[in-house]
Structure formats: C-alpha cells, structure tokens
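> Take a look at the letters that make up each chain.
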Amino acid sequence: MNYKPDEATWTAYLYGELADAERRQVEKYLQQHPEEQKRVDEWSFTRSALGTLTDKEVIAPSIVLGETPAISWWKERYVRMSLGIAASVVMVLIAARLLGLSVTATDGELRIAFGNTKPTPALTRDEVRDMINGNNQVLQASWSEERQAVEASLQENLRKNSGKLDNLMKTASLANQDQVKLFVSQMQESNLKLMKDYLRLSSAGQKEYVETLLVDFSKYLQEQRRQDIQMIQARVNQVEQHTDKFKLETEEILTSLISNNNPNGAKHN
Amino acid sequence: MMHSDVLLLQARDGDRHAQGKLMQVWYKRIYNFSYKFFYDHDLAMEVSQRTFIQMHRNIAFLQDGARFRSWLYTIAVNCCREELRKRKSARAVSLHDLNPGEAEDSYSWESSAARHENPERMYRQNELAELLHECLLQLSVEQREVVIMKEYEGLKFREIAEALNVSENTVKSRMYYGLEALKRLLERKKITKESLGYEL
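So the sequences go chain by chain: A and B. Taking the numbering used here, I'd label the letters of the first sequence as residues 1 to 269. Taking the numbering used here, I'd label the letters of the second sequence as residues 270 to 469.
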C-alpha cells in the first residue's frame with residue numbers, strides 16, 4: 001500500500017476535519033507507521049502548548065458610528081461613468097465652438113481648420129508637374145556646378161599632395177643610401193675583426209690540442225714499451241728456469257744410467 | 270460564538286443599534302486576533318476599531334449573512350496587514366513594546382481569576398504566554414494569520430480560506446508549516462511536556 005497522507009491531510013486529521021473514510025485511512029497508516037504517530041503526538045503537544053495562551057479580556061470602546069451611507073442613484077458607478085463621458089463630450093464641443101473648429105471632408109480630402117478660413121484654389125496637374133520639373137532643373141544645375149567644383153578641388157589637392165610625397169620620398173631615399181653604406185662598412189669591419197679574433201683563438205687552441213695529443217701519445221708509447229719489456233723479461237726468466245730444471249733432470253738421468261751400466265766398477269776399484 | 274441572524278439582518282438594514290450590538294459581540298474576538306497578531310495592545314485596539322468602522326460602512330453590501338464571520342475576519346486581516354505595512358515603513362516602536370503589561374489600559378489587572386491564584390504559578394503562566402507570543406511573532410505573516418484563526422478563533426479551514434481568499438489546501442499547507450515551525454521554536458525555547466505539565 002503506497003498511501004501517504006500529504007500536508008493538507010495531516011492538518012485536517014489533526015483538527016478533525018477529515019471525512020470518515022479518509023480518517024480511517026490515516027489511522028490505518030499510523031498503525032503501520034509508528035514513527036508517524038510520533039510526529040502526530042508532537043503536533044498535538046504543540047497545539048496543547050498554544051492552548052495555554054488565553055484570551056485577553058477587553059471592553060469594547062464606544063465607537064460613534066455615523067448613519068449608514070445611503071447610496072444615491074447618481075453615485076452608482078455606471079451613472080458616474082456615463083456622466084463623465086457626457087461632460088467630456090460637452091467640453092470638447094464648447095472648445096470647438098470657441099476655437100471655430102471646422103472639419104470638412106470633400107472628395108477624399110479631410111480638412112481641419114480653426115477660425116475663418118479662405119478656400120485656397122487648388123493647383124492643376126500640369127501646374128504641379130511644371131513646378132516639379134522647374135525645381136528639378138534648378139536642382140540639376142546646382143548639383144552639376146557643385147560636382148565640378150568638388151572635382152576641381154580634388155584634382156588640385158591630389159596634385160599638391162603627390163608633389164609633396166615625391167619630395168619626401170627622394171629625401172628619404174638619399175638619406176637611406178648614405179645610411180646603408182655606413183652600416184655595411186661598419187658591418188664589414190666588425191666581421192673582419194671577428195674573423196681575425198676567431199682564427200687567432202682557433203689556431204692557438206688547435207696547437208695546444210695537438211701538443212697535448214702528442215704528449216699523451218708519447219706517454220702511451222712509453223708505457224706500452226715498459227709493459228713489453230716486463231713481459232719479455234718474464235719470459236726469459238721462465239725459459240732460464242726451464243733450462244735449469246732440464247739440465248738438472250738430465251744430470252740426474254745420466255748419473256742414474258751410469259750407476260746402472262757399471263756394476264763392477266766398485267769391484268774394479 | 271454565534272451571532273443572531275436577526276441582529277445581522279437589522280445591521281445590514283442600517284440599524285445603528287444592531288450594528289453597535291454586533292460590535293459588542295465580536296469586539297473581544299477581533300481584539301484578541303489582532304493582539305495575538307501584533308502582541309501589542311495599542312495596535313490591537315487600533316485594528317479592532319478600524320475593523321468595526323469598516324464593518325459599519327460595508328455591511329450593507331454583505332450578500333450572504335452566513336459568511337459574516339469570515340467576512341469580518343477578512344476586514345480584520347486587511348487592517349492588520351495595512352498596519353504592518355505602516356509599521357514597516359515608519360519603523361516606529363510602541364511604548365507598549367518597551368513596557369508591556371504595565372500600561373494603564375493594558376487590562377492585565379482585569380484577569381480577574383488570576384489575581385487570587387498562586388503568585389509563582391501566575392508568574393510562570395505569564396512567562397509562558399510571553400514565550401508563546403514570541404513564537405507566534407516569529408512565524409511568517411501568512412502562517413501567523415492561519416494559526417491564530419484556526420487555533421484561537423476556531424474557524425473552519427473553509428472559513429479561513431474564504432477570509433484570506435485562497436484555496437482550502439493552501440490554508441492547510443500554511444497551517445502544517447506553521448505548526449512545524451512552532452514545534453521547532455518551542456523546542457528551541459525549551460518548552461517541554463514536563464514544563465507545560467506544570468502549567469496545566
């Protein structure tokens with residue numbers, strides 16, 4: 001069952017303003033959810049606390065009440081509105097009369113005028129066309145003159161400005177040639193000096209390097225020679241030892257042979 | 270409190286005596302509503318008087334006599350809100366706020382039964398009443414209106430909805446959140462079942 005009372009239901013339940021069916025539903029929900037019963041108890045406590053606040057006794061003061069205002073028919077809203085509109089219309093009419101307002105509509109033309117007016121003679125279509133053409137010619141002539149003046153002024157300004165620009169360019173180019181020459185010569189000198197210094201430093205370094213290399217090679221050769229001599233000396237010593245050993249063994253063998261081949265030597269002696 | 274239908278009919282017909290009688294019957298209720306709303310005697314008197322002046326001026330236009338109660342509270346609520354706006358703009362402090370209960374016309378001396386009760390009990394009751402008033406004042410205006418009308422004036426939710434011109438569900442929702450807020454405020458002020466049991 002997914003029923004859960006909302007705020008309004010809780011409030012109505014608390015104040016006994018729920019219908020029976022809904023009240024039973026809430027009570028069933030409370031049986032199933034004891035934790036909600038705790039909330040209801042808390043609200044009841046809050047209500048009982050509020051209930052301790054009693055009314056203050058007060059004596060009604062005497063208020064002088066006027067007559068009940070009878071609403072007259074002319075104070076009715078719609079009557080007052082109608083009267084207002086009527087008064088506005090009358091005021092407009094009086095103002096129009098005083099100012100001599102004249103409103104006429106003839107042949108699709110609406111004319112609003114104040115005071116006595118004299119009808120102005122209407123222009124014919126040809127007259128209007130002539131007026132427009134004349135005005136156009138005057139405008140055309142004026143426009144041509146203004147355009148020529150502007151063009152002439154522009155040409156003059158262009159000529160003057162181009163002359164100034166040429167002079168400036170010449171001056172600038174002359175100045176640039178001298179500066180370039182000076183710069184190149186200075187650069188050559190500095191480059192030469194740089195190269196010389198480099199070569200000088202480079203040759204000294206190379207010489208020192210070669211010397212060091214030769215010394216190192218000489219030391220290496222001497223060391224190698226020393227080691228070779230030691231090795232030869234060791235070999236010779238070894239050969240000598242072998243020779244001595246061989247000689248000694250040979251003598252022992254000869255002695256032994258001699259002793260074995262002459263058994264009567266002692267008898268003879 | 271029930272009002273006499275005849276009295277109401279006479280008042281609607283412009284009978285000043287009936288209107289005065291009606292005011293006598295309802296004055297205490299409107300005064301107490303306003304007093305709980307502002308916790309200020311002077312403001313409550315001011316609002317009550319303006320409410321009954323408005324009642325006098327407009328009662329002829331009341332169509333349905335059965336709705337007199339909610340209609341009267343509508344006027345009272347509007348007067349309270351107007352007074353609240355004035356107070357907010359003026360930021361005035363009533364002398365009653367500075368020394369409540371000791372004004373000449375505070376009527377506290379008229380709490381007839383209380384005069385003969387245990388002084389300690391009286392003191393505790395006054396203290397509790399002051400705390401409860403403070404709690405009510407801390408509610409939002411909307412919640413305070415609903416809580417006072419329901420809890421102290423005994424209006425039905427339907428009548429409150431009519432008086433405030435809102436839906437019944439809105440009234441119930443405001444009441445719900447008002448009670449929740451009051452519950453928290455009481456806890457904060459340590460008003461427990463035990464302390465309350467002592468007062469009851």
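Treat the hints as calculated values from the structure; they're not laboratory data. A portion of the hints provided could be inaccurate.
[Stated by the list, open to error] Lysine-lysine pairs mimicking PhoX-like chemistry, simulated, CA-CA at most 25 Å apart:
| hint | chain 1 | residue 1 | chain 2 | residue 2 |
| --- | --- | --- | --- | --- |
| 1 | B | Lys458 | A | Lys56 |
| 2 | A | Lys28 | B | Lys290 |
| 3 | B | Lys297 | B | Lys425 |
| 4 | A | Lys38 | A | Lys56 |
| 5 | A | Lys4 | B | Lys357 |
| 6 | B | Lys297 | A | Lys56 |
| 7 | A | Lys4 | B | Lys290 |
| 8 | A | Lys207 | A | Lys196 |
| 9 | B | Lys458 | B | Lys425 |
| 10 | A | Lys193 | A | Lys181 |
| 11 | B | Lys452 | B | Lys462 |
| 12 | A | Lys170 | A | Lys160 |
| 13 | A | Lys207 | A | Lys219 |
| 14 | A | Lys28 | A | Lys38 |
| 15 | A | Lys181 | A | Lys160 |
| 16 | A | Lys193 | A | Lys207 |
| 17 | B | Lys290 | A | Lys38 |
| 18 | A | Lys38 | B | Lys458 |
| 19 | A | Lys181 | A | Lys207 |
| 20 | A | Lys56 | B | Lys425 |
| 21 | A | Lys38 | A | Lys4 |
| 22 | B | Lys355 | A | Lys38 |
| 23 | B | Lys355 | B | Lys425 |
| 24 | B | Lys297 | A | Lys38 |
| 25 | A | Lys56 | B | Lys290 |
If you're wondering where the values come from, they're calculated on a predicted model, not measured in any experiment.
> Taking the earlier hints as the rules, which of them does this structure contradict?
2, 4, 5, 7, 9, 15, 17, 19, 22, 23, 24
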